[in-house]
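> The primary structure of each chain is shown beneath.
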Amino acid sequence: MSLWIRLFNVFRNERLSREISEELESHLSEAEERGRDPEEARRAFGSRLRIAEQSFDMRVLPRLDSLRADTIFGWRQLRKHKVASAAAILSLGLAMGASISTFRLIDALLLRPMPVANPERLYAMFTLGYDPGGHFRLGESNEYPQFQLMRAAVKQDAELIAASWGERIELTYGSDQEIEKAHRQFVSGWMFESFGLKPALGRLFTESDDEKPHAHPYAVLSYDYWTRRFGQDPKVLGRSFHMDNDLYQIVGVAPQGFTGTEPGTMTDIFLPTMMYAGVTHDDWGWIRTFVYMRPDGSVTAVRDRLQAVFHAVQSERAKGFVGFPKTRLEKFLSQRILVLPASGGLSYIRQEYSQPLKVLAILVGLVLLIACVNVASLLTGQGAARAREMALRVSIGAGRGRLTQLVLVESTVLAALASSVGALFAWWSAPYVVGHINPADDPARLALPADWRIVGFSLALTIGVAFLFGVFPALRASATQPVSALKGGDDPSARRRLMQGLIAAQVGFCCVVLFVAGLLTKSFDRMTNQPTGFSSERLLALDVEARPSQPPIFWNQVLEHLREPPGVERVAIAGWPLLSGFGSNGFVSVNGSPASDRLAYFLNVSPGWLETMKIPLVDGRDFRPDDVYPGGAIVNEAFAKEYFDGANPVGREFERGKMRLQIVGLVHNARYRNMREPITPTAYIPFRSGSNEPVYNATLVVRTISENPLSLADMLRREVPRARTEFRVSNIRTQAEINESQSIRERLLANLALFFAGVALLLAGMGLYGVLDYSVLQRRREIAIRIAVGASAGRIAKTVMSRTSAMVACGAAFGAGFGLLAARYVSTLLYEVKPNDPTVLVRSLFAMIVISSIASIVPVTRAVTIEPLAVLKVE
Amino acid sequence: MPKTDSLQGSLDLLVLKILSRRPGLHGYAIMTAIQEISSDVLRAEEGSLYPALHRMEEAGCIRAKWVTKENGRRARIYELTARGEQQLASEEERWHAVTAAVNRVLRMA
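One line per chain: the protein sequences are Z and V, in this order.
Under this note's numbering, think of the first position of the first sequence as 1, with each following residue one higher.
Under this note's numbering, think of the first position of the second sequence as 1, with each following residue one higher.
There's no promise every hint is true.
Stated by the list, open to error - Far from chain Z, by Cβ distances over 10 Å, these chain V residues were calculated:
(1) P51
(2) A89
(3) W95
(4) R104
To be verified - Okay, derived cross-link-like pairs now, SDA-like style, lysine to any residue, Cα gap no bigger than 20 Å in a straight line:
(5) Z:K82 - Z:Y769
(6) V:K69 - Z:E22
(7) V:K69 - Z:G35
Bear in mind the hints are in silico, worked out from the structure with no lab data behind them.
Computed from a prediction, not measured in an experiment: that's the story for all the values here.
Cβ coordinates follow ideal geometry from the N, Cα and C atoms, glycine included.
Just chain V, same shape as in the assembly (with noise of 0.2 Å):
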């Protein structure tokens, strides 16, 4: 997995949450949403966001459509296909279990 993201791994995890949330979104709703919620303290890089959306559409966990905003321009818009939520479901897993896992060393140690 090429690293272009600055979540450390976690980028396919927030978009494919957000995704799962809110289905319809672009790519700049995708980047504020988790600016958003994260209350700005987890920020995409803007440039690495949109290889990573293609590349989880290649590996056919997201699909894209181009849709007309009321202002005339076109965006490509994301939602999750059933494999994005299985791989979604099992990301989620594996990140609890790493963090349980690292809290876990942080208490004890």
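Only chain Z is shown next, with the shape it has when bound in the complex (with noise of 0.2 Å):
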């Protein structure tokens, strides 16, 4: 009888009894049909339940029971070696664990389709080509009134469905000092209907609430939001909320789990697409369009009319471009359409993390490879201290098969233990390295939930792993010839060669990790050491809205006002903060055409600013107090590089549009919207418009005299509404933070790769150990002759050590050479650094032989001090 029949068994007890007791059933009626006398027939049977018990353990108990024997094995043979196997369990279980958070963040973040009726049939459409910045890109960004012409056009074959990007806003259900925070999504009316969407509570949007801008003043609440901020109260139906001097009434609750279209992202309020200004404005990129076909629609006829729809809407925008290089306008006018699967949703997360999770998923796995060899080696190790046992095993009659599933459980024990710790490791840690995906005040949230897909993965995971690393064993076991085994040990080398065999694959592991891992921190390292070109020592950006909007002079008696307090050193107003990714850009022109076709970036800054940022000034002076735009502006030097061919500009003129600006000052090169692009020429223009036009938003900029200027930020924000009742903080943080946000996905990416590549070392490190300690253990006979012979503890050394070395240095040789092709993968990941960085590589193989040397000190010192005497007495 085949395995699978007795496994089959094993879970089909019921059935099994019943069959049993109807043969014995069957047994009776033929001897009564045989004319016996059924009293006496019984008498004669016996018990039939004895028998049918009998039968049943017959059938059963032999599995079952060697199973449970095995199992029980497996733990008295795993708590014999308590440390090894604790430490097996736990790099085991810390690289599973690494594992399944790997897998749950990829799960969540790019497998999983979003909770939507034929998630298949969901695509979105796309642009592919140069942007007016003359960058080649994907862009997904739409404009509203363009969303319209296209929907109407692809009607037969699919519903197009707008939703904008995830905000997150301020709003109040009572006064404005209740202000709080949640992320806003403006979806199509009609999207819920075509995602096949139910209310939980209410109703939800349908095409009517979407038919007139700022007609409709409805927001739907996601699930979560609901039962976050309101506790499930289905009293919430009809409560409203101010948001942007609107009032809104909340009209219904999303399904469970449907948490917007941006994983990475939960949005907590659907505001109808009406509801924002966009709507009208032919020139904001504002929404992503989703293309939801038809059963029966076909995606190349819909791709074909957006294309048509789109060229037309284009050729139509580049008649109203100025001072636009001919070339960037050819090349914008060739950007295609591309409509492409998002059953996943899209997102900026989903984007930028896709690439890092890979490269993550990778070094985990590289990590768990470690762990298996190491605990391999371990089971290996302790085989050899076995072989007598397998041995008498086979010799009183255990088949091959027996013994192999003897060593297979036991690796299933350790790999199940070693499972509950990786369990409790990815609970933890996947949600935490999610918090870390965005800025601390506003972190990203991913919905992790644990359902069969994880437990799927983890269980297929705890399998693989035990046959990965038990089936060696367990072949060596099978293998067990008892004669020469219990004459005193086959050929112990052969062991050994497995054992330095599994190092050089361990050591080869270690050093991709190592290397991968130290080109991310070099590159983490080199993005945020690099100069900004300003102080952000003890600088706070606060941002300030007005409501509603104020013209300039307001906002300068805000700014003189914070002036007075004490621990403010200085105090200017910026459009937005330095380096926090916000931009305004446009081409430049001397004298009536085109300096270069690369765009110049501009921000409105207030007298004063330049000093508060603490950019020096090269030549020419700052702005005064009347300077107004358009007049002066102050240009840094990679301005004067790009249009004035490096000539002092100071006094020179150019055009920004229309718009002519004369050159008052020049100043040093300082970073604009971001780490990773380079230094952008970038002209600095006068916050106060000559127009006195009233302005929204801004950022005041605090250089503080504290060192901790965090602790002004409470008097601060008190302060703005008190210089006038109109203004209010919105937002405060430190430049350093502004700053750090950066590089946030460079940082996690490092800290993480470093983790592993500890971990990594750690697991190599232990590996080595095993070996080398086993490999004294086993040739203490060899080597005691050598110490009475008069062999130097040097020569003692190097017998110990050179096999092994050599393995590791094969070993290193290889994971170098593999680390070199790993690393073009990550290369698009890399900030100045390339992928081949021999400084790099360098340290990490040091790295990996100062952690062989180390493992190496206890078994060599142990050898070097063997007894001769006492060695050779006991053999």
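Starting from two chains that each stand alone, build the complex the way the hints lay out.
In structure tokens form, the structure reads like this:
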């Protein structure tokens, strides 16, 4: 009977019992048919219950029993070597936990479809080509008027759904004093219906909620937000809140599980697209376009129609471009439309983190392999000690299959224990990593359900891992030759050779992990340590809003007011903080003709801003209170280099669109938008405009006297509305925090990679120690003889180390080779670091050598200090 | 090997032999066959036959299937497997060796 049928029998107890009693019953009826007295037959037969039990045991127990016995035996084996087992379980658990955790993240961010009807029919529209800035990219944004044209054009084949970028905004359910924050997303009214979503409470939007601009002040809450904010109170229907000077009414709650269309951000409040000012602007790209195919619709047909509309709109738009280089224009018009599957939704985080997560998965996989190798060599080493036990089992009649089962059950016990450690680790670590994806005040939120996908992965991982490290020892065990083993061991060096091969593999994997981690760390280092061109010390950025928008002159009053409190050194106003990711750009012409096809960046600043930021003036002057826009401009050195061939531009003029500006000052370069791109040509222009146009929001930068600028935060927050009641602070950050948020991804990746590199080193060190220790133990007779005949300590050390160091060297060489190959794959994640950076390579090899030396100190010392007499006497 | 049969360890041999000659018997028929062929000398204890059958089935010497008889009742019938035939051959050999040895002892002593 095959193993499967037996296993099956274990699980079909009830049926088996029924069959047995039916067979016994049929025996008795047979007896009756043949004319025997039923009573006599029954007596002759004996207790049916007892027979049935015996039969049942015959058929089920042997298998169950052996499994149980093997499990108990495996557990005892583990307990016999407490320290080694604990180390194996912990290291394996860590590696497995990391794997499960990585899978959870990848699944949640990249694989899992959104909880909508027929997610496979969901696509999204992209533009591929050059944006006005001349960057080749896959664009996602769309303008609403164009979206409406497109929707009408593809009506037959697909429904188009608009969804804005998720945004964290302020709202209040009561007075202005009770401002809170929530994530909102504007979506097409027909989205819920198209997606087949049913309300958890109240109603969801329909097409009629999204018809006229600014006419549908209704909101649908997400289930998660309803739960967190309102404790699932059904009375939430009909409540209203203020947001953006509008009063919205809550009409319903979306079904559980639907958290918007952006994995990584959970939408709290859904609003109809018509409530966003952008619906009437044909130059505001603020929505993503989802394409929900009809069952019989053709994706190609949809693409072609979208392309036609897109081209017509773009050509029309290009007519309005002023000062636009011709080549740039052609590139701009050659953009293509793509319609790609988007069943999982679209988000910045998904885009930004898909490759890092894959790199992480590879690192984690390598660490898992290292851990498996460790356990395999641990088991092989123990197997040596158990060779006699195995031989004994074979000689008293245990089959090969039985021995294989014994060893595999042992490794499964180990893997199961490790996977429970791993499950704990994964339970904690996946949300921890997600929590570090965005700046601390607005962390990414990702639904991380622990459902059958995760459980299935973990189970498969456990079984896979058990086989991976169990199969070598199991094969060795089943190949035991009783005669040679009982006589004192077969070829002991065969086992050692296997272990040394494993060491080479382990060192190789470890080198790859070290190298990649080294590259990522160096890249992060480069990124954070490069000069910004301004000083972030003791600098606060206050994002301030005015309701309603206020003319610059009142902004100036607020500025003057903030100069007074103690602790404030300097204050100035800018459109937004440097390095916040924001930017405004345009083409620059000199004397009426395009000066370059590179874009210049602009930033509105008040007088004194340069001094507050500590950006040194090279020539010319700072703005004066009477400077207005358009008028004077202060440019950086990159600007002078790009448009004036590096000559001192002070006093010269340039045009931005139709505005003519005169350069009054030249300053040193400072980073503007982000840390990644090269320094941009930048022009600073006066905050005050000539027309005194009201400003809705701006940033007040405050240089404090105190070393901890945040200690002034509360005071400043109170002082702003005191200056003028229309103003309030919406956010306070230190400039240092803003700078750091530029490299969050790099920091996270570098930290995780370093962590895994540490684990890999530790595991490889443990593995090496185990192998050396084993080989010293096994060769102690030989070593004792060598010492007895006068070998020096150095010679002994060399004997012990030679084969193993050759293996380490071999593994390191392979590791370096694979590392160089693998590094090419991460090159897009690197900043100013080449994927074949030699110093990183040397450093990782050096780390490997150091850890190998540390791991060999104890075994080598033990070998050198062997007392020949004692050893040889015992033998 | 559990001592559940009164045939001193030879029940397996008899069952295998009978099934090799007449495949497709159910438990009761095996029992009566042993009785009839041995002219009522050997009698398998009815209760111990089934555990023995199930043990041999588990060991892969015989296999079973359910059939429906003419009277509509279901019966579980057995037949020999390839391993069973090997087992039968070696058991038979062993039996002959043992009986020959026993006979020799009886003659010589």
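> If a hint holds in the structure, say so; if it doesn't, say that too.
Checked hints:
1. P51: violated, 4 Å
2. A89: Given a closest Cβ separation of 20 Å, the condition holds.
3. W95: Given that every Cβ of chain Z is farther than 10 Å from that of W95 of chain V, nearest at about 21 Å, it holds.
4. R104: Given a closest Cβ separation of 29 Å, the condition holds.
5. Z:K82 - Z:Y769: Distance of about 17 Å is within 20 Å: holds.
6. V:K69 - Z:E22: holds, 14 Å
7. V:K69 - Z:G35: Within the cut-off at roughly 18 Å; holds.
Going through the hint list in order, the structure does not satisfy hint 1, though it satisfies all others.
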